[in-house]
Amino acid sequence: MKLNGDHVLKAPRNVVWDMLMNPDQLVKITPGISELNKRDETNYEAVSEVKIGPVKGKFKGDLELKDLVKPESFTLVVTQQSKIGNVKADVVIHLDEVGNGDTQITFDGNAQMSGLLARTGARVVSGVANSLTKQFFEAFDKEIELMNT
Amino acid sequence: MSFIGKSVKRIEDKRFLTGKGKYTDDIKLVGMTHAHIVRSPYAHAKVLSIDTAAAKAHDGVVAVFVGSDIEGIVGVPTGWQVNFKNGDTMKEPAHPLLVRDNVRHVGDAVAVVIAETKEIARDAADLVEVDYDVMDAVTDPKKATAPGAPQVHPDAPNNICFDWELGNPVEEVDAALASAHHVTTLEFINQRMIPNAMEPRSAIGHYDDALDKYTLYTSTQNPHLIRLLLCAFVLGIPEHKVRIVSHDVGGGFGSKIFHYTEEALMVWVSKQINRPVKWTSDRSEAFMTDAHGRDHVTTANMGFDKDGKIVALKSDTFANMGAYLATFAPAVPTYLHGTLLQGLYTTPLINVNVVAAFTHTNSVDAYRGAGRPEATYLLERLIDLGALEMDMDPAELRKKNFIPAFDGIEQPGYQTQVALQYDSGDYQPVLDKALEMVGYEDFRAEQKKSLENGKLLGIGFSTYVEACGIAPSAVVGALGARAGLFESAQVRVQPTGKVSVYTGSHSHGQGHETTFVQVVADKLGIPMEDVDLIHGDSDAVAFGMGTYGSRSLAVGGSAIVKSIEKVLEKGAKIAAHKLEASVDDLDYAEGKWTVKGTDRSIAFGDVSLTAYVPHDYPADLEPGLDFSSFYDPANFTYPFGCHIAIVEIDKETGKVKLKRFIAVDDVGNVINPMIVDGQIHGGLAQGIGQALLEGAIYDEGGQLINGSYMDYTMPRADDLPSFEIDRTVTPCPHNPLGVKGAGEAGCIGSTPAVVNAVIDALWKAGHKVKDIQMPMTSERVWNAMNN
Numbered sequence: 017m018k019l020n021g022d023h024v025l026k027a028p029r030n031v032v033w034d035m036l037m038n039p040d041q042l043v044k045i046t047p048g049i050s051e052l053n054k055r056d057e058t059n060y061e062a063v064s065e066v067k068i069g070p071v072k073g074k075f076k077g078d079l080e081l082k083d084l085v086k087p088e089s090f091t092l093v094v095t096q097q098s099k100i101g102n103v104k105a106d107v108v109i110h111l112d113e114v115g116n117g118d119t120q121i122t123f124d125g126n127a128q129m130s131g132l133l134a135r136t137g138a139r140v141v142s143g144v145a146n147s148l149t150k151q152f153f154e155a156f157d158k159e160i161e162l163m164n165t
Numbered sequence: 009m010s011f012i013g014k015s016v017k018r019i020e021d022k023r024f025l026t027g028k029g030k031y032t033d034d035i036k037l038v039g040m041t042h043a044h045i046v047r048s049p050y051a052h053a054k055v056l057s058i059d060t061a062a063a064k065a066h067d068g069v070v071a072v073f074v075g076s077d078i079e080g081i082v083g084v085p086t087g088w089q090v091n092f093k094n095g096d097t098m099k100e101p102a103h104p105l106l107v108r109d110n111v112r113h114v115g116d117a118v119a120v121v122i123a124e125t126k127e128i129a130r131d132a133a134d135l136v137e138v139d140y141d142v143m144d145a146v147t148d149p150k151k152a153t154a155p156g157a158p159q160v161h162p163d164a165p166n167n168i169c170f171d172w173e174l175g176n177p178v179e180e181v182d183a184a185l186a187s188a189h190h191v192t193t194l195e196f197i198n199q200r201m202i203p204n205a206m207e208p209r210s211a212i213g214h215y216d217d218a219l220d221k222y223t224l225y226t227s228t229q230n231p232h233l234i235r236l237l238l239c240a241f242v243l244g245i246p247e248h249k250v251r252i253v254s255h256d257v258g259g260g261f262g263s264k265i266f267h268y269t270e271e272a273l274m275v276w277v278s279k280q281i282n283r284p285v286k287w288t289s290d291r292s293e294a295f296m297t298d299a300h301g302r303d304h305v306t307t308a309n310m311g312f313d314k315d316g317k318i319v320a321l322k323s324d325t326f327a328n329m330g331a332y333l334a335t336f337a338p339a340v341p342t343y344l345h346g347t348l349l350q351g352l353y354t355t356p357l358i359n360v361n362v363v364a365a366f367t368h369t370n371s372v373d374a375y376r377g378a379g380r381p382e383a384t385y386l387l388e389r390l391i392d393l394g395a396l397e398m399d400m401d402p403a404e405l406r407k408k409n410f411i412p413a414f415d416g417i418e419q420p421g422y423q424t425q426v427a428l429q430y431d432s433g434d435y436q437p438v439l440d441k442a443l444e445m446v447g448y449e450d451f452r453a454e455q456k457k458s459l460e461n462g463k464l465l466g467i468g469f470s471t472y473v474e475a476c477g478i479a480p481s482a483v484v485g486a487l488g489a490r491a492g493l494f495e496s497a498q499v500r501v502q503p504t505g506k507v508s509v510y511t512g513s514h515s516h517g518q519g520h521e522t523t524f525v526q527v528v529a530d531k532l533g534i535p536m537e538d539v540d541l542i543h544g545d546s547d548a549v550a551f552g553m554g555t556y557g558s559r560s561l562a563v564g565g566s567a568i569v570k571s572i573e574k575v576l577e578k579g580a581k582i583a584a585h586k587l588e589a590s591v592d593d594l595d596y597a598e599g600k601w602t603v604k605g606t607d608r609s610i611a612f613g614d615v616s617l618t619a620y621v622p623h624d625y626p627a628d629l630e631p632g633l634d635f636s637s638f639y640d641p642a643n644f645t646y647p648f649g650c651h652i653a654i655v656e657i658d659k660e661t662g663k664v665k666l667k668r669f670i671a672v673d674d675v676g677n678v679i680n681p682m683i684v685d686g687q688i689h690g691g692l693a694q695g696i697g698q699a700l701l702e703g704a705i706y707d708e709g710g711q712l713i714n715g716s717y718m719d720y721t722m723p724r725a726d727d728l729p730s731f732e733i734d735r736t737v738t739p740c741p742h743n744p745l746g747v748k749g750a751g752e753a754g755c756i757g758s759t760p761a762v763v764n765a766v767i768d769a770l771w772k773a774g775h776k777v778k779d780i781q782m783p784m785t786s787e788r789v790w791n792a793m794n795n
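Those protein sequences? They're chains A and B, same order as listed.
Sequential numbering of the first sequence, starting at 17, is according to our numbering.
Sequential numbering of the second sequence, starting at 9, is according to our numbering.
These are computed hints drawn from the structure, not numbers from a lab.
Treat the hints with caution; some may be incorrect.
[As the list claims (entries may be wrong)] With a Cα cut of at most 16 Å, we get these calculated EDC-like pairs of lysine to aspartate or glutamate:
1) A/72 to B/144
2) B/604 to B/592
3) B/64 to B/124
4) A/104 to B/256
5) A/150 to A/40
6) B/578 to B/547
7) A/99 to B/137
8) B/28 to B/217
9) A/74 to B/131
10) A/104 to B/537
[As the list claims (entries may be wrong)] Covered, in the sense of this in silico footprint (three residues per stretch, anywhere, with C-beta under 8 Å from a C-beta of chain B), are these stretches of chain A:
11) 29-39
12) 120-131
Note that CB positions come from ideal geometry on N, CA and C, so glycine has one too.
Construct the entire structure; sequences and hints are all you get.
Shown next as structure tokens:
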């Protein structure tokens with residue numbers, strides 16, 4: 017499944033970068049995520065619970081940050097296991113300055129699913145991904161707003 | 009009393025409609041445990057480790073087993089052998105009950121959890137931790153044979169199971185094609201289908217240590233063959249120590265012919281834990297593991313002379329076997345497909361090549377029609393497309409090529425170029441009748457007119473012949489079947505003249521309890537209420553080869569008739585003794601023997617009572633009135649027919665509406681017209697489903713991505729028009745009932761008719777499209793019109 021999109025955040029690129037690198041911030045803004053434990057600078061262990069169409073699963077696995085070019089881009093590699101199937105995703109994230117001190121975040125990648133998740137969730141999963149992305153950026157906007165006030 | 013040919017209402021429907029059917033999952037045994045199978049989420053992976061400790065420690069768990077616990081058991085075998093064209097034996101990798109090294113398709117069984125309840129088994133299965141090393145997978149049968157493709161089994165190089173050829177030498181066929189006036193070439197995929205029986209598979213293993221006997225209750229079309237395979241080839245248990253019980257079965261469409269790993273696993277587990285154990289598939293497992301159907305990738309060429317006579321046919325097919333060979337798998341693309349490529353036509357040169365390939369997908373095997381729908385699709389798409397390309401009428405083109413009528417008695421059977429000899433056939437009348445029903449000339453005029461009004465109408469034909477009544481043992485033995493495909497029947501007349509009939513056929517929806525009883529009551533001249541049919545219990549029925557390949561009445565019914573003849577022969581001797589007459593002077597009718605030309609008679613029930621109370625009895629006769637027979641058919645039977653579809657395509661959306669569907673089938677003599685109509689209707693729905701709606705989709709990684717009813721589109725009533733059906737009757741010349749079989753006809757003929765209708769509509773509107781991949785969704789049809 018293709019994962020791509022973009023969103024403009026009302027914060028400078030350095031600030032956005034730092035927020036994305038901060039596990040405490042990420043737990044706050046990422047829907048469904050309950051734990052994010054830092055193993056080292058680029059490796060995290062994540063626990064989340066997500067409902068995808070008819071199936072709900074508790075996911076556990078790794079998040080890895082690769083190819084870090086501060087503050088412009090990085091690659092996020094997600095490997096998550098659950099009883100309803102596993103997910104592996106590779107997403108390249110770009111941060112671009114777009115004027116007014118704003119930052120455009122662009123992401124582009126692929127996700128592969130297996131098991132029940134693939135069998136029953138495939139049709140709705142891109143809708144779920146879109147909705148989760150929307151929630152993520154709304155929460156991100158809110159965090160920035162709180163920071164600015 | 010005459011019952012043959014009457015639309016008697018189905019006897020079994022009372023219990024089905026009142027919820028009193030007895031399915032395997034309805035059975036509850038004392039002390040019964042429940043199994044849940046841990047299945048692979050990956051199509052291809054090495055199993056690095058399996059941790060069952062947490063599952064074993066869960067409350068209510070009885071046992072957990074993995075592949076290494078099952079020592080010395082290789083797995084379930086296949087029942088057919090097909091050789092490479094160079095004479096080499098096909099590759100037959102083991103299909104273990106639980107995998108030992110690699111998983112080879114999504115749903116491959118890795119471990120089994122046994123618990124006190126189904127829910128506990130399921131919960132504990134979630135605690136089994138399997139560590140996989142995921143590898144690349146291949147799902148397409150053609151791509152699987154390409155160099156460098158991921159390998160499914162180390163002992164099947166290039167994933168080739170066999171490379172098989174049939175018919176005339178390829179050089180001769182190539183030469184005829186090269187000099188043909190016109191050659192129609194088509195590359196197409198006959199997509200993978202999921203059978204979707206209403207009742208999911210279920211199996212209960214019960215080892216009784218007091219008797220040292222095993223009972224397997226299972227949802228199968230084929231109880232005795234399951235016993236044979238289970239005992240002799242899988243578990244090595246003496247056959248007399250095993251009983252297979254299969255009461256009511258809620259549909260199969262082929263998918264319940266095969267001996268599945270779960271059946272052997274439940275029997276094995278029951279012995280280990282010394283308790284009964286039940287496994288019932290959930291719908292998701294059914295999508296993943298019930299053997300699928302079709303999945304051919306084909307290139308075919310049909311050559312015509314300038315008058316439209318077919319001069320040669322060549323086909324090259326890659327047939328997907330899935331990861332493991334199911335029981336009939338090798339036979340489907342070969343003996344049930346290659347041998348049917350003569351069709352109804354006098355084609356003098358035919359060459360068929362089939363490469364069967366292993367892929368990282370679920371097993372593919374017989375699915376309603378099994379090979380014959382694929383053969384019909386190939387032929388009927390080619391001839392319809394040939395007509396379009398040569399600007400000839402598709403009905404006229406067929407008539408030019410039909411084999412002339414032969415009844416198999418006065419005229420000999422028709423010897424095809426592809427091994428089979430057709431028993432009897434009269435092909436033009438089915439086409440003529442269908443043309444009359446559809447109002448062909450009026451339709452063509454309407455089609456032309458509607459195009460002017462911006463509407464796309466199309467008509468598609470399919471004229472088919474199939475091989476049923478599976479199967480003459482000598483023929484299939486020579487072809488590679490590892491068992492003869494005869495049938496047994498016992499007619500046990502009770503002292504009071506009531507009759508119990510034991511058949512090796514197995515009804516999973518066909519209405520045997522009505523049709524077979526009609527035959528018995530008719531032949532014996534007694535009320536239908538006086539006859540009961542018993543099937544599906546290997547301790548009750550002598551032997552059986554099950555129900556598939558439209559064989560039950562042609563083969564099982566013939567065995568019953570043989571036993572009835574024996575009953576009447578012995579009954580006549582008893583009657584002659586009682587009436588003090590000669591056997592030759594007796595007539596049997598209306599349930600009594602009468603001395604010819606007199607009113608002296610004795611009723612069937614009086615004769616049967618005498619047989620069991622033989623005080624006044626022929627000296628040389630044994631008591632009792634109970635006969636068994638085995639019937640091995642002399643040949644296959646060859647039903648045929650003509651199906652016509654009329655479609656309308658929405659120009660804006662590409663949506664195909666099936667407006668009319670005409671089916672004229674010739675299934676030989678008909679015992680119960682209503683049941684035959686029902687079989688035809690159901691078959692049509694499935695065949696049309698393949699054309700327009702259904703199809704399993706594996707992604708490149710081998711994930712089945714439409715494995716639920718949210719995404720796998722089953723045909724519904726509102727997708728279908730009211731069918732217009734009729735029959736001609738060309739009796740089978742070699743079985744006592746003259747019947748040919750009707751279970752698969754609807755599914756075999758209908759699919760290409762629908763596709764041909766869509767192609768016709770597009771050509772008439774100027775879109776010269778050769779093929780649209782099935783299922784013909786709006787998107788695909790729209791793209792065909794707009795790209």
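Results for each hint:
no., hint, in the structure
1, A/72 to B/144, "27 Å, violated"
2, B/604 to B/592, "9 Å, holds"
3, B/64 to B/124, "12 Å, holds"
4, A/104 to B/256, "44 Å, violated"
5, A/150 to A/40, "20 Å, violated"
6, B/578 to B/547, "26 Å, violated"
7, A/99 to B/137, "10 Å, holds"
8, B/28 to B/217, "31 Å, violated"
9, A/74 to B/131, "14 Å, holds"
10, A/104 to B/537, "63 Å, violated"
11, 29-39, "violated (count 0)"
12, 120-131, "holds (count 4)"
The earlier numbered hints that this structure contradicts are 1, 4, 5, 6, 8, 10, 11.
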